[in-house]
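Chemist: Here is how the chains run, residue by residue.
Number of protein chains: 2
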Amino acid sequence: MLSIPISQQMAIGIDIGGTNTVFGIVDHRGEIAYRGAISTKKHENVDEYIDELYQAIMPALNQFGSDKLVRGIGIGAPNGNYYNGNIEYAPNLPWKGKIPLASLVQQKFNLPSALTNDANAAAVGEMTYGAAKGMKDFIMITLGTGVGSGIVVNGEMVYGHDGFAGELGHTIIIPGGRKHWSTGAEGSLETYASATGVMLTAIELLNKYPDKPSILRHYEENEIDSRLVYDCAIQGDDIARDTYTFTGEILGKALANFVMFSSPEAIILFGGLCKAGSLIFQPAKRVMEENLLPIYKNKVQIIPSELKESDAAILGASALVWELK
Amino acid sequence: MLSIPISQQMAIGIDIGGTNTVFGIVDHRGEIAYRGAISTKKHENVDEYIDELYQAIMPALNQFGSDKLVRGIGIGAPNGNYYNGNIEYAPNLPWKGKIPLASLVQQKFNLPSALTNDANAAAVGEMTYGAAKGMKDFIMITLGTGVGSGIVVNGEMVYGHDGFAGELGHTIIIPGGRKHWSTGAEGSLETYASATGVMLTAIELLNKYPDKPSILRHYEENEIDSRLVYDCAIQGDDIARDTYTFTGEILGKALANFVMFSSPEAIILFGGLCKAGSLIFQPAKRVMEENLLPIYKNKVQIIPSELKESDAAILGASALVWELK
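Each protein sequence line maps, in turn, to chains H and L. Read in numbering that gives the first Met the number 0, the first sequence has 87 at position 88, and its numbers run on one by one without any break. Read in numbering that gives the first Met the number 0, the second sequence has 107 at position 108, and its numbers run on one by one without any break.
Among these hints, one or two may not hold up.
Identical copies go unnamed one by one, so any copy, or any two together, can satisfy a pair.
To be verified - Below, a list of computed lysine-lysine pairs in the DSBU-like style, where the Cα atoms sit at most 30 Å apart:
| no. | residue 1 | residue 2 |
| --- | --- | --- |
| 1 | Lys296 | Lys67 |
| 2 | Lys107 | Lys274 |
| 3 | Lys40 | Lys324 |
| 4 | Lys211 | Lys135 |
| 5 | Lys324 | Lys132 |
| 6 | Lys97 | Lys298 |
| 7 | Lys274 | Lys211 |
Rather than coming from a laboratory, the hints here were simulated on the basis of the structure. Note that the structure is a prediction, hence the values are computed from the model and not measured.
Looking at chain H on its own, in the form it has when it is part of the complex (with noise of 0.2 Å):
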């Protein structure tokens, strides 16, 4: 294996999701050099699926022709564990209980497996390909939907003893605060740095300052979203834009915290909020800072992902191959 130079060598990522997968033939430098998507919920048999994912790569894969070597297949599925290459009892997918996803894969194709959860692919992604290049120390934070986390240390990821470390959407900023949809818990960072939480927060200020114009009142409250606020904020509206400050330092408070424990390089913002660029990195900086010890100040960079969104979650499981040993 070793003998072949690693820019003939190829990796397949494979990124599973509730309604689909995506998957992708990547070379060592991120290039997405085939790609294609599968139903993932159409499968509630999971070994039909994985036989379905083999007649939708084999083909791909053979095309790349003898002078190729593909290295293996990483995965990045929801509620994946890195240790035991298991998916346990993830909410949004077809199988239930602990599903040794990885073994399956393995047998399967007969290539070496790897899987995590999306957002610590996302992290081995920007450390392989991205942002985060050559770092040793540096925190990802994914702000979509919900909020994800993958923490590098010492150039490895922090999988914790039991494969689930880095669920850093679910620490508590405000204690007392707002009520997660789901977990129940009041005042995790999930609540409010989400696009769920832009939408809160926005109805949330529409209601506190009723005399306050906002171009938001044009719309039903269930037709706000963070989309729509991110429009009204480049358009000027207050209450946009004061929805996205109050995200950006609820985002700060926690940023300071997660420092003050790995110190790390830069944190690494991916998702559909950064969008919102300025409006959204420039008040989580300014908490972050006002919140840390003297000796962290001015050190830790804030930085958006390199990697396009539409392609991160392949590039972050195909990255789990080069990390085999």
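Put chain L on the given structure of chain H with help from the hints.
Modeler: Coordinates of chain L only, in the frame set by chain H:
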């Protein structure tokens, strides 16, 4: 060096405190074969300090004879930086600015030397000789005058990109809460879960419930300390018990956040407040569990240090030596 069996090898551990420096010569099982101390604060000149340290340690070393190998010197110091061996801007030490202490010691003794802050040293000591033996992922929290911490992930200390990781005492647990007497931050863990925090909580509760009888009311406010509160608590005094319950609950909230970061196998508690035993462990455990995501529940032990408090600083510092490459 490697031809001498580990049972014949010794490590020097030096713990630098603001008033005194204690040191010991320690074997691989954590037995302290020799111990001594010199004054720290009388030496404004660091070279003279190191001269005195040398004169105090060398006669002891020589008495061990040539059948023992001294592997090196480990140093625990406030604001100690593992990467460069510097003590940086330690407010309670006589030397200002950045002091390359590990280098100075290494040159003087002609022995490999490593330095870290006291809380990290405590964690390495616990991993080498104590309750964390064999653990690859744990968090050590020292509950003393202040709150210190040392974090181990994948079997390695977390030092962060700059050597300053692990200031969990300064993470904000109650935003807008009690103001820290030194940093000015509001609601950091240290303002509650330290000896000073216990004292402040007791006084707050006495003032908040003026009609509640308490033995503590027989004392002036400036006579109340965590030890007195403990003594009253074990006599069944309600205010004193409530003080420890409240302290444990704040600690539990903080621990939940830490667990969702690095998913440790155990949290190891050390320091004066641990003497309160179940008065503080029990509420900490209860509130930690309440605040954890289901995947973490009932997995993480909270256990007391197994090192004798009087030996722990020397043992922790000496343990750095066995980690030297």
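Chemist: Which numbered hints are broken by the structure, listed smallest first?
Modeler: Violated: hints 1, 2, 3, 4.
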